[in-house]
Amino acid sequence: MAEMAKEKAYRIHLMVCAGTGCVSNNAFGIKAALEREVKKQGLENEVLIVTTGCNGFCERGPLLVVQPGSIFYQQLTEKDIPHLVEEHFLKGRPVKKLMYTPPKEKTPVPVLSDIDFFKKQVLIALRNRGLIDPEKIDEYIARDGYKAVAKALTEMAPEQVITEIANSGLRGRGGAGFPTGLKWQMVRNAPASNGSLKYLICNGDEGDPGAFMDRSILEADPHSVIEGMVIGARAVGASEGFVYVRNEYPLAIKRMNIAIEQARDYGLLGNNILGTGFDFDIKIVRGAGAFVCGEETALIASVEGRLGEPRTRPPYPAQSGLWEKPTLINNVETWANVPIIIDRGAKWYASIGTLTSKGTKVFSLVGKINNTGLVEVPMGIALREIIYDIGGGIPGGKEFKAVQTGGPSGGCIPKEQLDLPIDYESLTAAGSMMGSGGMVVMDEDTCMVDVARYFLTFTKDESCGKCTPCREGTKAMLDIITRITEGKGTEEDLTLLEDMAHAVKDSSLCGLGKTAPNPVLTTLRYFRNEYEAHIRDRKCPAHVCRQLNVYTIDENRCLTVGKGCDLCRRNCASDAIRGAKNEAHRIVQEKCIKCGVCYDVCNFGAVKVD
Amino acid sequence: MPKLTLDDLAKIREKTKRLTTIRVGGEYRAKVCVHMGTCGIAAGARTIMNALMKELEEREIHDVLLTNSGCAGLCSREPMATVEVAGQAPVKYVDLTEKKIKEIFEKHVLGGKIVQEYALGIGSEKTDY
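Residue numbers (the working numbering), protein chains in the order written: chain A, 5 to 614; chain B, 5 to 133.
So here's chain B without its partners, still in its complex pose (with noise of 0.2 Å):
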């Protein structure tokens, strides 16, 4: 028996293209970008990215890119997250819980349907990179 069958060789180049995607820069079906600025960390911003890394860690899913950014300004009202589905308008969400997110992310990153009651509204704020 070979160590190994073309399958195999298959398999993992399958497995490991996934999981390193990131750094070719694939196509996403989705960006999610949680404000992490001092106010948005204070309001319990990590709780909200923790939830999410989880989200994509139990359903496997890497077509759906995480980040992070600084204040966005609207300090009242953190923890905040934009969700930007691929082709379509960012939308922001704000105050955020552990409960509301994983419903956003269900619903919205996931389905594609914007969760109005903790919308803010469409659209975000220009950054310079």
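Okay, chain A solo, but in the shape it has when bound (with noise of 0.2 Å):
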């Protein structure tokens, strides 16, 4: 191996968040101020700058924390740079004007585990978060990275590696939570024919929107995933593995192959891993972005180079899978936790969570929410707990509706189910599911109807068409949503809704249409008086199903407080505003579109939405 380099120490690191988030925020920037400001004060020996994967605290990007005593800055742009490296680097004065401030307080929190959004995360996935640089394979390595893999390769025989993970309780993190230990025996015990082929994927097919937990565990620590995976081809016997990532993640493809390479390098990967006689090696195939390529039947065909389509199952892909062989098939998070598993022991990871559920999940909290951000959370924790004290609640002191989990395929939880412990069967009972972990927050000024049109709308157009339940279910359904968005919907529609959702449910061939019509029966299960006002009352409560509402003008208030502006009618496409200048103004209804741009223009409450 290559001789080791002199020790080159720092008294100072910066480790600048460079997930994609940061990054569109002008990471790279704020890094190159850095460099040139630490240089112009003579610190380079002193300070070393490390660009790290995503922190989890998206909502404050671009983000700085400084060790030793992780200090955390914030929403830095580069004209703050000077200032922070003379005063706090130089001259040993953290600026507190650059620290988070929690919302209606007035003393920042300078320590980043002092802060509500991290205090309550419990990091396994992500145990490398921010720590490391992921293009620096010796950094993976010295927070214990591949001490599992050698484990596994020299002290254990597949199938005690099996029997651990399977001890652990954990669950596929990819959205259905089969047993994982169940799964790899599965593959194992699987007779291979011609030549004793079996294969293993990585499946980073992340489709659902709002979510990116696979994408930053893949831009953050890529290692942990390609530990997993040698681990994962050890103990079923496959020589060659696949990692499936969509094209729309050029930085965690970028990543993912500078450490393959080093994994290479190392022999980590490649002929005799560690000396041990083990070959395996990692190929990344490139998807397109469809979201059906998530199941897992159609990401095989994919990575064959076919029509990205499922296919009835069984055969499982652990009997009959990729090229028809036996393949071992897991989620990046999934494949993230095997190598701490193996290090810690199953009995440390099944201490973690509930009952049925163990170990963390992550999630990317999204929405109308105040720390949005990737956070990872013991299973079991409470939904409030999620949502108000590490997601800091809900923006402009609006009320919170519901929270949408497990993306298009999963299901909106009512207020009244907030303190729902989080794991596998309880949010299945609610109508929803764990799903990959996208977690969208809604509040009082959201539509349920709205909602579920949205969802299904993504569903219909993600729908590969193979099976007819779900090509034209979806379409059916979304037909008859967006008959009841525009106030002509009847009470039978309800009705016939409910019965096509169980229909299609009951009926598609694949996860994507079992599971589409989950948006639409939890907002019918949790908020029917909202479908019913649209049908009976032709109004939505939330005010957004533009045409079922009606806009007028208080004349009075008009003439009174806003003297007759006349700026909604210079803004009405319709010329359905009647009035002039100094005068109080009017809508003429029978020429009105409903386009609420006198409404969004009014600057003195004049116009009145119902």
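Treat the hints with care, as some may be off.
Within a straight-line C-alpha distance of at most 16 Å, the following computed EDC-like cross-link-like pairs (lysine to aspartate or glutamate) qualify [said to hold, decoys possible]:
1. 12(A) to 64(B)
2. 402(A) to 59(B)
3. 12(A) to 67(B)
4. 7(B) to 559(A)
5. 12(A) to 12(B)
6. 15(B) to 465(A)
7. 7(B) to 265(A)
8. 612(A) to 559(A)
9. 155(A) to 64(B)
10. 19(B) to 148(A)
11. 151(A) to 67(B)
12. 21(B) to 148(A)
13. 15(B) to 466(A)
14. 21(B) to 265(A)
15. 12(A) to 11(B)
16. 12(A) to 61(B)
17. 155(A) to 11(B)
18. 151(A) to 62(B)
Sample of chain A residues lacking proximity to chain B, with all beta carbon distances greater than 12 Å (derived) [what the hints assert, rightly or not]:
19. 12
20. 73
21. 92
22. 148
23. 271
Rather than coming from a laboratory, the hints here were simulated on the basis of the structure.
Don't be surprised by glycine CBs; every beta carbon is placed ideally from N, CA and C.
Build the complex: two chains, separate frames, hints provided.
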């Protein structure tokens, strides 16, 4: 191996977040400014600048964590950097104005671990987040990386590895929650025909709107996925693996490629890994971004170069998968959990979580929430804790209405169930699902019928069209819901919608169709009154479905407060507003196209919507 | 021959662990803080800091935390540094030179013995973080 270079120590490490979120907010510009200023102050031998993967607190990016001490700087601009470098790194005075101050408070919280967003998180899959440069294998190794692979290859029999994973209680993090150990055992037991070939796949086809768990893991800690796969390959007897990543994730693909190269250089991939005689290598396959390819049989077809369409199961991929060989397919987050389970033991892992769901889960927390970001929490934590303690609640003092988990295949969980402990079973019982971990928070301004319409539009578009229930069913359901949002729905529509949802759920070929009705069914279950308001009263309670809105002008307010400013009339596209400057205005309902522009532009609150 | 043996892997781990200790907050045998107000810098605090960096590097020491802080208020006695050996009270040193800090590093930081003749006193001002 290469000779060890002379150790160069630095007294300060600047951990610059370079996840996709911060990168799109100019993280690399910040990094360049830091390099420039550090050099200008003559600190280049004392201060090391490190780019890390996603820190998680995306809402506040671009982010910088200063070590030692974990001083958390946020919402940085290039202009802040000269002052920051001089004050903190040269003169030792941390800069308060660049620290995080919680909403409604005045004192900043300097240290990362004291910030509410981070306090309740438990990091297992994201154990190295913000602590390593994902493009440096040595830094992964320093965090006990590739220790588990050494253990699995030299001290454990393949059967023992599988037992350990089974005993840990780890379940698939891609959505369905199938016990990982059992899946591994099935692949190991599968009789391998022609030359005993078996394959491994890492499913990184993350397609849920608003979800970025897999991307963040691949970007922040690609070696944890590689290490998990080597262990899995050894356990089931596979010699070749594929990481399937969407082409829309260029940074994840780049970092994964670098990681694979480095692992090969160190002989942690390839032939005779660590001198044990075990051979295994990994290739990246880029997906074109079809949602259905997250389904394992469609993904396999796509890896084979065929059209990404699912097929009936059985046979399961464990029996006949890629090129009809037994194939072990797990999600990115599942793979990332494997090394630490082998390293620290099943017992430790199983001590975290609930009776049926062990360990932690990564969620991407988005929507109407103060602290948008990536969070990892122990199974069994209440939704309320995620939304209010970690997420910081709803912006603008609005009321919480629902949270959508599991992406377009999931369901909407209402306020009454905020104390629901998160695990596979409780989410399913609530009509939703764990899914891969998308969590979209909605406030009082959200129309739940419109939400169902939005997700159904997505699944209808993404339906591959192979089976009739999904292809026709999603379209028929969407037609009904669209009708309802336009005020043309009838009472019978609700029954028809419900029947159809059940039919699509029961008879679709793959998971896409089987779960596509979930947003419809859960909104019908928890927010039926909103559907009824659209149908009976021809009203959208949240005023989202504009076709149902009636816009009027409070003529008195328009004249006395707004002095007849005429702004609405000048902006009206359909010439529906009567009045002139310094006069009271009014809307001619017959001409109004309900675009809502008058409501949006009025500075005096004189335009009313009902 | 494998590219990397188990021993090689362990060596890389130990080495990189040492270099990245400050990220995870391991155990430190001592903390040295150089006062870097404008007064301190003008009086030569950078020389003191550089000397300490050199000591750490040459001796390959990774369990001494080297930090800086602002003006300690006693501008006439700069450059100053505070040495805090784990489990002991902090000691302030004043009127430092490169030679003095090297001696302090050897005797106090590594040896645990306070260098009385350069010390101002025991104790330190409070910081808010």
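Just pull the numbers of the violated hints for me, sorted ascending. Numbers 2, 4, 5, 6, 9, 11, 13, 14, 15, 18, 19, 20, 21, 22, 23 - these are the hints that the structure violates, sorted from lowest upward.
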